[in-house]
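Number of protein chains: 2
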Amino acid sequence: MSYSSSDRIVAILREWIANAAPGAKLPSTRALVAEHEVSPVTVQQALRTLVAQGVIESRPGVGTFVRGIRAPKPHDFGWQTAALGAPQQRLPQLSSALRTTANDVIGLHSGYPDKSLLPERQVRAALARAARSELAVVRAPAAGLPDLQSWFAAELASDTPGGVTPPLASDVVILPGSQAGLSTLFRTLVGAGQPMLIESPSYWGAILAAAQVGVQLVPIPSGPDGPDPDEIDRAFARTGARALYAQPHFANPTGAHWSPALAERVLDIVRARGAFLIEDDWAHDFSIDEDITPIAALDDSGHVVYVRSLTKSVSPALRVAGVVARGPARERILADTQAQAMYVSGVLQAAALDVVTQPAWRTHVRGLRGQLAARRNLLVDALRTYAPTAYLAHIPRGGLNLWLRLPDGADLAAVARECEQRGVIVAPGNDWFPAEPTGQYLRLNYSGPNPGAYERAAQVLGEVLASVTD
Amino acid sequence: MSYSSSDRIVAILREWIANAAPGAKLPSTRALVAEHEVSPVTVQQALRTLVAQGVIESRPGVGTFVRGIRAPKPHDFGWQTAALGAPQQRLPQLSSALRTTANDVIGLHSGYPDKSLLPERQVRAALARAARSELAVVRAPAAGLPDLQSWFAAELASDTPGGVTPPLASDVVILPGSQAGLSTLFRTLVGAGQPMLIESPSYWGAILAAAQVGVQLVPIPSGPDGPDPDEIDRAFARTGARALYAQPHFANPTGAHWSPALAERVLDIVRARGAFLIEDDWAHDFSIDEDITPIAALDDSGHVVYVRSLTKSVSPALRVAGVVARGPARERILADTQAQAMYVSGVLQAAALDVVTQPAWRTHVRGLRGQLAARRNLLVDALRTYAPTAYLAHIPRGGLNLWLRLPDGADLAAVARECEQRGVIVAPGNDWFPAEPTGQYLRLNYSGPNPGAYERAAQVLGEVLASVTD
Numbered sequence: 006m007s008y009s010s011s012d013r014i015v016a017i018l019r020e021w022i023a024n025a026a027p028g029a030k031l032p033s034t035r036a037l038v039a040e041h042e043v044s045p046v047t048v049q050q051a052l053r054t055l056v057a058q059g060v061i062e063s064r065p066g067v068g069t070f071v072r073g074i075r076a077p078k079p080h081d082f083g084w085q086t087a088a089l090g091a092p093q094q095r096l097p098q099l100s101s102a103l104r105t106t107a108n109d110v111i112g113l114h115s116g117y118p119d120k121s122l123l124p125e126r127q128v129r130a131a132l133a134r135a136a137r138s139e140l141a142v143v144r145a146p147a148a149g150l151p152d153l154q155s156w157f158a159a160e161l162a163s164d165t166p167g168g169v170t171p172p173l174a175s176d177v178v179i180l181p182g183s184q185a186g187l188s189t190l191f192r193t194l195v196g197a198g199q200p201m202l203i204e205s206p207s208y209w210g211a212i213l214a215a216a217q218v219g220v221q222l223v224p225i226p227s228g229p230d231g232p233d234p235d236e237i238d239r240a241f242a243r244t245g246a247r248a249l250y251a252q253p254h255f256a257n258p259t260g261a262h263w264s265p266a267l268a269e270r271v272l273d274i275v276r277a278r279g280a281f282l283i284e285d286d287w288a289h290d291f292s293i294d295e296d297i298t299p300i301a302a303l304d305d306s307g308h309v310v311y312v313r314s315l316t317k318s319v320s321p322a323l324r325v326a327g328v329v330a331r332g333p334a335r336e337r338i339l340a341d342t343q344a345q346a347m348y349v350s351g352v353l354q355a356a357a358l359d360v361v362t363q364p365a366w367r368t369h370v371r372g373l374r375g376q377l378a379a380r381r382n383l384l385v386d387a388l389r390t391y392a393p394t395a396y397l398a399h400i401p402r403g404g405l406n407l408w409l410r411l412p413d414g415a416d417l418a419a420v421a422r423e424c425e426q427r428g429v430i431v432a433p434g435n436d437w438f439p440a441e442p443t444g445q446y447l448r449l450n451y452s453g454p455n456p457g458a459y460e461r462a463a464q465v466l467g468e469v470l471a472s473v474t475d
Numbered sequence: 006m007s008y009s010s011s012d013r014i015v016a017i018l019r020e021w022i023a024n025a026a027p028g029a030k031l032p033s034t035r036a037l038v039a040e041h042e043v044s045p046v047t048v049q050q051a052l053r054t055l056v057a058q059g060v061i062e063s064r065p066g067v068g069t070f071v072r073g074i075r076a077p078k079p080h081d082f083g084w085q086t087a088a089l090g091a092p093q094q095r096l097p098q099l100s101s102a103l104r105t106t107a108n109d110v111i112g113l114h115s116g117y118p119d120k121s122l123l124p125e126r127q128v129r130a131a132l133a134r135a136a137r138s139e140l141a142v143v144r145a146p147a148a149g150l151p152d153l154q155s156w157f158a159a160e161l162a163s164d165t166p167g168g169v170t171p172p173l174a175s176d177v178v179i180l181p182g183s184q185a186g187l188s189t190l191f192r193t194l195v196g197a198g199q200p201m202l203i204e205s206p207s208y209w210g211a212i213l214a215a216a217q218v219g220v221q222l223v224p225i226p227s228g229p230d231g232p233d234p235d236e237i238d239r240a241f242a243r244t245g246a247r248a249l250y251a252q253p254h255f256a257n258p259t260g261a262h263w264s265p266a267l268a269e270r271v272l273d274i275v276r277a278r279g280a281f282l283i284e285d286d287w288a289h290d291f292s293i294d295e296d297i298t299p300i301a302a303l304d305d306s307g308h309v310v311y312v313r314s315l316t317k318s319v320s321p322a323l324r325v326a327g328v329v330a331r332g333p334a335r336e337r338i339l340a341d342t343q344a345q346a347m348y349v350s351g352v353l354q355a356a357a358l359d360v361v362t363q364p365a366w367r368t369h370v371r372g373l374r375g376q377l378a379a380r381r382n383l384l385v386d387a388l389r390t391y392a393p394t395a396y397l398a399h400i401p402r403g404g405l406n407l408w409l410r411l412p413d414g415a416d417l418a419a420v421a422r423e424c425e426q427r428g429v430i431v432a433p434g435n436d437w438f439p440a441e442p443t444g445q446y447l448r449l450n451y452s453g454p455n456p457g458a459y460e461r462a463a464q465v466l467g468e469v470l471a472s473v474t475d
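Top to bottom, those sequences are chains P and G.
Quick note, the working numbering runs 5 ahead of the 1-based positions in the first sequence.
Quick note, the working numbering runs 5 ahead of the 1-based positions in the second sequence.
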């Protein structure tokens, strides 16, 4: 969209119009052609643009006139309050993790890796290839591209031990991102008004999706080692819930990684309770010191419903997730996502599959591991040096976040505000609690732009903490 | 994804494995290298692939073995029935409009235009440009790309008469396709268990979305001229509903196009009733004999919530829709779509915007008009000649469908089945009725592939009708 001669005429006429009275007649096309030395086609194109912008109106055979924009009368939409009623579900405000900010601040709040951590060249090449393929102009199948279904199944199968039947491509449903996936899973496996167990703290997007569906959350306290399985078992017994949502691997925000023993124990519990474990493997491609073995790989009884997204690790523009589920649950999930989204763009599916099946993908993930390790260590060291009163219970062995506890009595909102005024954006931890927060936490993401500024960020946080706890 | 030497070894080994016993040991890497004259790297890559496919397992230091695939034990997922319970909403089966079929049949059932009617070259070029842009690797804003918001607002503003305040870019929310849009609108403007007026017959995707949300549909009979406004007013009074969903322009399936008088009358009714008109302008780019003036262009009081999708007219791969809404309704819509989808891929938004702002787009839409007219006329003429007992109440002046009434007493399912056996796929009309069908209808889409076969299709239908009404 370069600056054409028609754009120039538009700019000139907008200035003329700004000084003209509503209803004033514009100079004729002929006069404009003569005055600005352009072709009639250019003038007409400029006039069409201004009509489209609602600035002028054309009366055929009469002329073109400045549109009568009255003093903007303030509209009263109060009648909508009665029509809408109180919301059936009160949705939380959008998390600070989604804020967009200026370039000159140090952002530790985002949930998405900076583009320097993405396989950028491969993504562009894959999108270009998809643009040339048939998928650019046809509808994709409702359950997803068969090759992408196979890939998600094979990924899980590669971790499946002998004696357990690995999942098939036909157990996979492709969804437009994991947020849509969580909505669909909560709607189909739990349902409005029904209870669902969730770690506390847990991923704010899951808390948001649960609020939208109207699910009753049953919080299970979770620390650096994950939740207490006895607590899970008691909550199932007490509430009659039939599902537990969890991020067992490098949980967002705590970074907790379940031990194999805990994973086995929770699997035993959901089996005994006739319940689902909704396993959100959000950090599958963000291992640092330890690899992930999905719990779904250990289960062929349909108790684990597994969701994995490629949006964060491949590109935020490729909103594609895969759900692996077996039995009637999979049928309900497919029906719900069809009613919700019909199908996922074949271009996005093909591009994502293209990226993750290139040899360069393995190389990228290995390199990413090193970069995340370096960034994490840098931020941890800076915090220990400059903000010693903040407490890091746990150095996560994967994922993208540190979960930092502030000294008791620190005013979380004031700390976040004060940091922001000094150019450092942090995410207050309250968004991640489905119930009352059990402490004052910040979530600090170490995958944003400019890791060179981590030291400065830690200094600012240290100064702010010193000033507020004086 | 070309066929590599590693692929060749995979194929050879799969054949070997198929004839081997579970647990059998594979030849060593060295033996495979010697036998097939490939490098050790190639052999190892092939073995990794087979491990990922779950066919073999590697025991480090021991060797590689055929995986013990037991006689596939049938899994019993019966426990899920208790966990899932009866569905809260029973979703209708997927419509026949979404069926994919072989190339050698004549398909009149699809809801999506054939790719020969799409601006294919522009779509591919726009996707390629988007692949090179920053949007390929960043997250798009929650409400959509500002330029795309502006475009949807300007499109509506270009039809807004003087005296009515045109919509602003900030009144627009970009959604991932109109199906997601309808779910969001029904959830936010109506809500589970609440009544909503809908034309009968009406778009099956809307009926599906309403079922998913749990909206109680109140059907309003609608014929070739649209619904009776007195009926709408009575239904509002009787049910206390606060919303009417309608396709006022070339409705799917009937092709009905509301007169300006009817549009004004319905607008007066929703204003008087303090209600919303959800205007689904699905056919905006499919005018044939008559242009569309959206009812939303006549309203600045927030009573009309307008949805327009680019998926059908630009490309099924570009799932992008715009909703225009003002007042608190817009806030709720934005919050719901964030909880549901977070944001829409910037690549799809940029590509769609690129296509519709090229000069070639106007040319394309003009050409499309001519093609749709020719296809419609061809099918109408063929039906009149070869299937004279089928009744066409109305030749639609736009849209993609004919709505054909079969002689009373014809067995609709038998007609569809019989046509299919003779190679012609038609869509039985029942999917489009939110209540009992008022007659035996077929929806015949004239935007599918191969219009040269319309005559043959009409012959088949005529023969089938003659045989079943004998």
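Hints in this document: simulated from the structure, not taken from any laboratory.
Treat the hints with care, since some could be wrong.
Claimed, not checked - If the Cβ cut is set under 10 Å, some of the chain P residues that face chain G in the computed set are: (1) Ala131; (2) Arg144; (3) Gln184; (4) Thr193; (5) Pro200; (6) Gln217; (7) Leu272; (8) Arg276; (9) Arg371; (10) Arg402; (11) Ala440; (12) Gly444; (13) Gln445.
Small disclaimer: the values here were computed from a predicted structure and weren't measured.
Backbone N, C-alpha and C fix where the C-beta goes; we use that ideal spot for every residue, glycine too.
Hint-by-hint comparison with the structure:
1. Proximity of Ala131 of chain P to chain G holds as hinted, the smallest CB-CB distance being about 8 Å (cut-off 10 Å).
2. For Arg144 of chain P, the interface hint holds, the least distance from its beta-carbon to any beta-carbon of chain G being 4 Å, beneath 10 Å.
3. Hint status for Gln184 of chain P: holds, given a least beta-carbon distance of 4 Å to chain G, under 10 Å.
4. Taking 10 Å as the C-beta cut-off, the interface hint given for Thr193 of chain P holds, the closest approach to chain G being about 8 Å.
5. Because the smallest distance between the Cβ of Pro200 of chain P and any Cβ of chain G comes to about 12 Å, over 10 Å, the interface hint for this residue is violated.
6. At a threshold of 10 Å, the smallest CB-CB gap from Gln217 of chain P to chain G is about 4 Å, leaving the interface hint in force.
7. Interface hint at Leu272 of chain P: violated, since its Cβ lies 14 Å from the closest Cβ of chain G, which is beyond the 10 Å cut-off.
8. Given the 10 Å rule on beta carbons, the hint for Arg276 of chain P holds: about 8 Å separates it from the nearest Cβ of chain G.
9. Taken as an interface hint, Arg371 of chain P does not check out: its beta carbon lies about 15 Å from the nearest beta carbon of chain G, beyond 10 Å.
10. The closest approach between the C-beta of Arg402 of chain P and any C-beta of chain G is roughly 23 Å, which is over the 10 Å cut-off, so the hint fails.
11. Look at Ala440 of chain P: its Cβ only gets to about 19 Å from chain G, farther than 10 Å, so that hint breaks.
12. Hint on Gly444 of chain P is violated. Least Cβ distance to chain G is approximately 26 Å, over the 10 Å limit.
13. The restraint placing Gln445 of chain P at the interface with chain G is violated, with a minimum CB-CB distance near 26 Å, outside the 10 Å limit.
The structure shown violates the earlier hints numbered 5, 7, 9, 10, 11, 12, 13.
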